[in-house]
Amino acid sequence: MVSASGLLPVMVLLPFIGALVPGLMIRAGRNACATFTAIPTLLALILLGVMAPDVMNGGTVTARIDWLPGLGLNANFMLDGLGLLFAGMILGVGLLIILYARFYLSGDDPMGQFYTYLLLFQGAMLGISVSDNILLLLVFWELTSLSSFLLIGYWKHLPEGRQGARMALTVTGAGGLAMIAGMLILGNIAGSYDLSVILQHGDEIRASEYYLPALILILLGAFTKSAQFPFHFWLPHAMAAPTPVSAYLHSATMVKAGVFLMARMWPVLAGTEAWFYIVSTVGLITMVLGALIALFKDDLKALLAFSTVSHLGLLTMLLGFGTPMAATVAVFHIINHLTFKATLFMCAGIVDHETHTRDIKRLGGLASLMPITALIAVVAALSMAGIPPLNGFMSKEMMLEEVAHTHWWGGTWPIIIVATVGAMLSVAYCFRFIGHTFFGPVRDDYPHHPHDPPAGMLAAPAFLAVMVVAIGLFPSLIAGPIVDVASAAVTGDTAEHVHLKLWHGVTPALIMSIVATLGGAFLLWLHRPLDRVWLSTPRPEAKAIFERLVAVVERASLRFTEITHNGAISRYLAIFTVATIVLGFAAYSGGGMAPPTRGLLPVPPLVAVGFVLLMVATAAIVTMHRNRFRALMLTSVIGLMVSAGFVYLSAPDLALTQITVDTVTVLLMLVALHFLPKDTPSESPTILKVRDGAIAVAAGAAVALLAYSFLLRDVSTISDYHLANSYKGGGGTNVVNVILVDFRGYDTYGEIIVLGIAGLTLYALMEALLNGPASRTLRNWTFPPDRSQDRHPVMMVVATRVMMPIAVLVGVYIFLRGHNLPGGGFVAGLVMSIALLMQYMASGFGWTQERKRFEYHSMIGWGVVVAGLTGAGAWLAGAPFLTSAFGYFTIPPFEEFELATAMLFDLGVFLTVLGAVMLMLYSLSRLARYAGETVNLEPMDYDPSRRFEAAAEVNDKKDGH
Amino acid sequence: MITYAIVFAFACFGFGLLGTLWRMLAGPTVADRILALDTMVINFIALIILYGIWQGTAIYFEASMLIAMVGFVSTVAFCRFILRGDIIE
Amino acid sequence: MNHWIIAPVVLPALLAPLIAYVMRYDITLQRVASITGAVLLCAIAFGLFMLSADGSVHVYRLGHWPAPFGIVLVLDRLSALLILLTSVLGLIVVIHSAASGWDQRGRHFHALMQFQLMGICGAFLTGDAFNLFVLFEILLIASYALTIHGGGKARLKAGLQYVIMNLAGSSLFLIALGTIYATTGTLNIADLSLKVREIPVEEAGLVRVAAMLLMIVFGVKAALFPVQFWLPGTYAMAPAPVAALFAIMTKVGAYAILRMHTIVFGPDAAPIGSLSQDWLMPAALITIAVGAIGVMGARRLMPLIAFSVLGSTATLMLAISGFSPHTTATALYYLVHSTFAAAAMFLIADLLLSRREGGDLLKAVPATVQNGFIAALFFAGAIAIAGMPPLSGFLGKLLVLDALRFADYAWLVWAVVLAGSLLTIVGFVRAGSVLFWKSTSAELMPPEEETPEEETPPANRIGPALAAPSVASLACLALLTVFAGPVMRHMESTAAQLYDPGDYVAAVLEDQHDTKKLKEEEH
Amino acid sequence: MDHDLTLLPEILVSVFLVIGGLFGLVGSIGFLRLRDTMQRLHAPTKATTLGVGGVLIGSMLYFVMVEGRVSFHELLITLFLFLTAPITANFIAKTHMQAKLQEKDLPPSGGKYGWAVYDAPPGEENDPGR
Amino acid sequence: MLSRLFPHPVLSLTLTIVWLALVNKVTLGNLFLGAVFGVTIPVLTAPYWPNRPTLRAPLMALEYVFIVLWDIIVANVVVAAIVLFKRNDAIHSRWVVVPLDLTSAEAITVLAGTVTMTPGTVSTTLAADGSALLVHALHTDDPDEVRDHIKSRYERRLKEIFG
Amino acid sequence: MELVVATSIGGLTAAGIYLILRLRAFPVILGVTLLSYATNVFVFASGRLAVGLPPVLTDDATAYTDPLPQALVLTAIVISFGMTAVLVLIALGAFLENGNDRVNVEDERAGEGDA
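Protein chains in written order, with the UniProt record's numbering: chain A, 1 to 961; chain B, 1 to 89; chain C, 1 to 523; chain D, 1 to 130; chain E, 1 to 163; chain F, 1 to 115.
What the hints contain is simulated information worked out from the structure, not anything from laboratory work.
Using N, Cα and C, we set each Cβ at its ideal position, and we do this for glycine too.
Some hints here could point you the wrong way.
Unchecked claim - Quick look at which bits of chain F chain A covers, simulated, 3 or more residues with Cβ under 8 Å: (1) 2-12; (2) 24-37; (3) 48-61; (4) 76-88; (5) 94-102.
Stated by the list, open to error - These stretches of chain D come out as covered by chain A in the derived footprint (C-beta under 8 Å, 3 or more residues): (6) 13-26; (7) 62-68.
Given only the sequences and the hints, what does the whole structure look like? Please build it.
Following this line, the structure appears as C-alpha cells:
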C-alpha cells in the first residue's frame, strides 16, 4: 500500500513537528496551547486509524527511507499488530493526558514547555513502536530517556524532581548504552540492522556464540527501562514529576518500552534456557518485590509506582516463559494494565490536586467528598487487584494459568507459590489504596477542602474506567482482535487464537486467584502490625545506594582528574619525554638498519676544543641555571659554539643566522629578566632531580643514537636538483638562499608570518598586561637603589653614532648579496634591528622612539603584504604563487646587475623581521616606562659641551652684575 | 710554513677559548664573566679568520664581521643589565 | 593550474596584516573585514569542495617547481572537506566573537584569527612534510596569542603551559622530519610514499622511528594519551570563541595522522606494517576514558566541556586507528560532528557564563535572563557532544562502534566507548541540572537587597547576532544528522581516496618532466 | 694551498699569524693569571685586539699575496674591533665598579660632580627613574 | 640644504669606503651604490646624531691615528711583558684621574678610546658632568706621570683636531 | 666528527630536557632554547656532514654540501626565534600577573602559605 507507506513516517514525525508549536505559542493561552498539542496527536491517531485496517487484516504497513545506508541505519518503519497496539496506546492515552494536564497544571507552570516535552516524548515512543530498524529503534529509545528526563525534571524547583530525573536518565541511559552494544552484535549476526530481517534469522542468532552477550546487553536495556529488579529503584523517584507525566510514562509508555522490546525481540531471543531463566526469574522477583514494597508505601503515587514495577515484573515473567500463550497473555495484560494504571494515576493526581496531600495516612473517607473520583478509582483498583468481572481479573487468571504449567527451577510448585504470593500482595495494596483513601472515616484535616474536580479533569480517567469495565465484560469484542494481531506479531504467527472470556471453569488458576484475594484481604487487615515490622526492618535503600555510588564515582573521578591533570606541566613533559623514548624504541625494534656506508670524518683538535667548550657550557647551564644571568651568558657561549660548528661544517648562512638570532634572543631574555626574579630557587627534591636527570640523559642518548645512526649511512636526496637548478632556474648561486626564497619560498612566507604574528602577539599581550592587574605590580615597581647612575654614557652614545650607520650599511649589504652569497633578508633584518638596538641601548628607547622614521606595525604589515603580493604577482603571468622571475640588466656605464622578484620577496622578509623584532622590544620597553623609567630628553646623560656653556653662562651673569 | 703558522695560531686561540671558558665559569666577579664572554668572542673571530685562510675562502668573512658586531652588542647589553637592569631604558 | 587552490591561504594572509595595520584603531572596520574575509573563505572553500568532489586530485606547484623539489599544495577530497569545515567554523567563531565583544578584550583579535585560519587551511592543503611543520607553527603561534587573548592570571599561566608543551612538540616534530629526510632524502609527501615503500623491512628501523615520532607529535595536537594533559587546562582557560575555534585544532592533529599514516606510513607500506594502528588504538581508548572521567569529575563548566572535547577527539582517533577505508570514513563523519559539537558547546558556555554572576562554577546561582533559551541550546549541545540521539553524535558513535567491530579487542573498544558515553552523559546531566534547574529553583532566589540593579549587566539579552553562531553550529549538526547518508557516502569516497594513494602520488609527481621543461624554457 | 708560493709573502704572512697568535696567547694568559678584575681587564682588551689584528693583517696579506685577490674585509673587522673594544672595556669596568667597588674606593673626580657610575648628571639628581 | 643632504660628510665618506670594502670590488657601479648609501644612511640616521662636530684639522687627525697605532703596538709589548714576567704582587695598579679640558663628546670619546687602547691604561668612567676621566693603570708607580702623558700626548692633539 | 656532532646533539637535548622539567619559567625557557639548538643541529645533520664544501655555486667546485637541510634549519631557527620570544613574554606576563614564575598551576590551597 503506497499511501499507507507514506503515512507511517508522517505519523512518527507529527509529534516532533508539533513539539515546536506549544513552546513557541504559550503566550496564546493555555487552551490554545493544549489544543495545538492535541492536534498533532489526534492527526497521528487518525493516520494510525487509516492504517489500522490493513494491520488488523494481518497485513504489515512498511515504509523505507534511506538515511545512513552505509551503516545500515535507515528510517524504516513497520506497523504490525504489536506496533499498532503500542502506537494506539501511546497516542490514545497521550490524548487523554493532554486533556488531563490542561486542567491539572497550575497557572504558574510553564505549560508550553510541558507540552513540548510531552510531544517529544510521544514522538519518541511512537518511533520505538513502529521502527523497523534496530538502530533507528535505538535512536528513539535514547530519545525517550532524554525527553522523559525533561518531563520528570519538569518541576525543576523540586530537588526530588531533579534527582529523580537524573537517576532515571542515568539508569535508563546506561541500559540504553548496553543495548547499543547488544543491538550491534545482533545486527552483525543477522547481517542487517533491519528488524524484519533480524526477525527471520532467529535460529541463526540463537545458535550464534554471540547470542548470550547480545541477549544480556539487550535485556539490560529492557530491564532498566522497564524498571526490573535490580534496576527498579529509579521508577518511584520519577514520581516527582507532575502526575500527568507519571500517568503517561508509567502506564502506557516509557516503562512499557522495555516490555515492548522484549516482545519485539521475542521471536529472535526467546525460547532458550538463558532467556527463560533470566527473564522469567527477574520478572518474578520484580513482581513480588514491587508488590511487597507497594504495600508499605504511604504515598499514593509511590504505591502506584511500585505496583507498576510489580506489574512490569509480571509482564516480563510472562514473556520470559517463552511460550506463545504466555506472550499472548502478556499482550493482553499490557492493554489491561494501561487502562487501570493510567486511571489510578490520574485519580491519585486528582486526590493530590484536591487535598494537597498524597499521604495515605492522612487520607480517608474521600468517597463521600468526591464520589465520582472514588467510583472511578475503585473500579480501576479492583481491576488491578484482579476482581471479576473487570479486565484485570481476566489477564491475571490467564497469567496464573500459565504459571501453573511452568516448570521452573526443578518443578512447578515453586513458581506457583511465589506467583500466588505476588498476587496476594497485589490484592492487598489495591485494597489498601481503595480502603485507606476513599473509605473509612471522613477526615476534616485536609490542607484543602476536597471535592470532585471539573469534568475536563475527570473525563480522561472516566473514559479509561469505562474501558476497564467494557473489556472485562466484552473481552473478545473489544480487545480480542487487537490481542490476536499483536500476539501474532510477537510470536511470529505461532500463537493459536485465544478466546478471551471471563469464565474458564474451575482451574488451578482460579484457586490460586481466590487464595490470593483472600490472602490479600487478610494482609490488609494485618497491615498495621506488618507496617510496624516493615518500618523497623532495615532494608537497603536503593536510591541512597545509587546516589552514594554516583557520588563515589564522581569523587573518584575528581580525584583522578586532580591527580592526573593537576596543571603540573613539568610532569606532563616528563611523561611526554618518557613516552617518546619508549615508543621510539618500540618502533625501532620492528625494523633494523642497513650496514654503515659512510666513513667518519676526522676530528681536528680545534673541533675538540669547540666540543669541550660546548659540552662544558651545556653542563654548566644545567648546574648553574639557578643564577639566571649566568645561565644566559652560557647560552650565548653555546650559541657561539653552535655557530662555530655551522661555520666548520660548511654552512655559513646558518652561522650568520644562528649568531644574530641568538643575540636578539638573549637580548630579549635580558629585557624580560629585568622584571623576573634573578635567581631560581632550588625547589625540586633530589629524587626528582635524579629522575629528571635520568629522563634527560635517556632522551639525549636516544637522540644522539638516532643522529649517529643516520650520519653513518648515505641516502640520495632531492637536493641535487636544487644544486643543478639554482642558478639556471633561480638566478642565484647561493643555493640555500635560492631554496629559501624560491624553491621553498612558501616555507619562508610562512616563517615571516610566524614572526609577524609573534610581534602582534607580544604587542597585544603587553596591552593586556598594562590594562590588567599586572599594571598595579608595575606601578609599584621599585628599582634597586644601587643602580648605576649613568644611563646613557657619553662614550657609548658617540660610538653608536658611528657604529649604527655602519651596521645599517652592513645590513643593506647582507640583504643585497644574499641571493648569491650567504645572507639574505632575514639576517639583514636582524642586523638592522641590532643596529637599532645599539641606538636604543645608547640613548634609551624612549628618546630613540621619538625619532624613529617608520612604524613597526606598518613594517610587519607591509612586509607580509609585500611578500604576499610578490608571490601573487606571478598570477599576472599566469604562473603559480611565488613563481620567481629574474633578469640581468646593464645601465651604462655600470656593470651588469641582476634583478629578481625573489629580492622583492626578500624585502618582505626583511621588513617583517625588522618590524617584528622592533615591535617586541617596543612592547617590552613600555613595561619599563610603566614601571617608572623616565624618558630622557637628551641623547646622552650630560653633554660635556653643556658644561662649557653653563660655565660661560655663569660668567655672563657674573659679568652682568 | 704558513700551515705551521696557522696551526700555531689555532693552538693559541684555542687555548684562549678554553681559558676564557674557565674564567667564565670561575668568575669570580660578574665583570670577569662578561669580560670572558667578550674575549671569547674575539678569540673566536680570530679562529674564523684563520679557518678562512686555512680553507682559502672568504666566505666566512661575514660571519666574523657579524660576530664582531653582535658580540659588542651583547657585551654591552650584559653590562647594562648589571648596571641598570633595563638594557634599553 | 587552478589558482583558487592557494586562495584559502593567501586571502587570510593578506587580509590579516591589513586588519592589523590599516584598521588598527577601528574595531567596526576590523569586524566587517574579518567577517567578509570569513565569508569569502567559505565561498572559496565551497568551490574547492565542489572541485574536488569528483575525486580528482589537484596539485598546485608553488613557484612553478616540479614536485618533489618545490612545495606543492594538494587538493583532494580530504583537504577540501577540512577546509570547508574550517571556514564554516571560522565564520561562526568570528561572528560570535564580534557579537559577544570578545574581540575587544585585547588587541589584534581579528588579525590573529585570520592568521589562525590561514595556518589551519595551509596545513590541510600542503603536500610537503616540512611545510606542514611551518604551517603548524603558524597556527600554533596564532593560537598562543588567541589563548591568552584578554590576559588574566590564570589564562596566562594556562597559555604558558600550552606554549611550553607545544614547543616541546615542535622540537620533536623537527627531529622526526630530520630523521625522515635523513632516511629518505625527500620531504614531499607523495615522494615519501614511494621512498618509504622502497626501504627493505630489515632496514626500516629509522623510518619506523620517524613514523612513530610523527605520530606522537600529531598526538600532542590531537591530545592523545599520554600527551593529552595540556588540553583541559588550555581549553578551559582560553576565551570561549577561541576554544570553539580550537575544536578544529585537535582535528589538525587527526588530519595529519590520517594523511601521513595512510599515504606515507599506511598499513600497506611494508616497513611500517601495523605500527600506527598498534599504538594509536590503546592510546585513543585510554584518552576516551580520561576524558569521560574528567567530565564526570569536573567542578567547573569549562573544564567539563574541555574534557568532553578530549573524549570526543579521542573517539575520532579511535576510529582513525582502524586504518581501513571504512573506519576512516566513519572517522571523517565523526570528525565533522566532533568539531561542530565542541564549538557549539564552547559558544553556548560563553553565552551562559557571561550571564552568570557565579563565574565558572558548577554552582547554583540566580537565574538569568533568557535562561530557557540558553538551556535549550545547552541541552542540544550536550546531547551532541555526549553522543545522544537525535544529533549526529549518536550516529557517529554508532558508526564508529560498528566500524570497529572486527578490530582486535572490539569488546574492549565498545566497552570503553559506551562506558565513556555513560560518564559523559551523567556529567553533563549533573552540570545541566545544576546550572539551569537548580539555579532557577525558588530557594535560590536572592534576597532583593543583595542585588543592586546596576550590577546586572545591561547586555544580558541575547540578540540574534549573538545567538546565531551557537544556533548555526547546532544547525550544522542537525544537517549532518539528517543528511547522514549522503555525507557518509562522500566520506566513504574520501576515505577510499586516502587508501589508494596511487592517484595522489601520480598527480603530484606525474608531470615532473613537463614542468621542468617548462621552467627551462622560461629562462 | 698548493699554489706556487714565493718565500717572502709566506714568511710575512706566517710572521703576522704567529704574532697574532702570540698576543692572543698572552692575552689569555694574562686573563687567567692576573689578580683582580681591573687588572684582568687590561690583558685581553689589548692583547687580544692586537692578536686579532695580527691575524687580520696576516689574512689580508695572504689573500693579496698568495691568493692574488685584494681583500678589504679584514680592514672592516679591524675598524669594528677598534671602535668597539674601548666601549666594551669601559662598560665592563663600570660593571665592576658598580658591582664591587664604592665611590670611596676611588680617587675623587676633583670637580663638583662625582663619577658617573655613582652620581647623577647635572640637572637630573632628583629624577625618580634613576 | 647641503647640510640636510650631508648631515655628516665624514660619515658619508666613511660609509662609501666601507661599502667598497664590503663588496670587496672597486667598480664604478659599486662606487655609485656606495655613494648612494653614503648619502642616504646618514640622512636617515641624522636624528640620532643631532649636533654636527667638525674636524678642524684633518691632517692632524691622520697623524693622531698613526701615533695611536704605534702606541698600541708598544702597549701590547709592554703589557705582554708585564703579564708574562712580572710577579702578581709586583704589579702596582693605580687609579688615575685625568681632568679634562675637552668639551666635545666626540673628542672625549676618542680620548677615552685611545687611553684604553694604549699601554697599560683603561679608561673606566667619566665624571658625571664630563669634567674628568677616571683611568686605571695596570702598572705604574707614578699616577701623575700617566696623567700628564695622556694630557700632553693625546688631549692636546684632540683639542686641536676637534677645536 | 660524526660522533662529536651526535654527542653534541645528545648533550644539548639532555640539558634542554632537564631544564624544561624544572618548575620555574626561566629555566624552562633556557631549556627550550637548548632544545632548539639541538633540533637545529639535528636537522642540519640530516644532510650529512661535510667540511669545506660550501653550498654556494662556484665554477671550480666539484662537490657541495646538501643545501636543503640548511634551508630547513634556517626556517626552523627563525620560527623558534618567534616562538621563544612569545614564550619569554608570556612567561613574563604570567609572572607579573601571578607574582611568581612557576610553570605549574598551583593548588590554590597550597599556594596560600607561600605568597
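Q.
If you test the structure against every hint from before, which numbers come out violated?
A. Of the numbered hints, 6, 7 do not hold.
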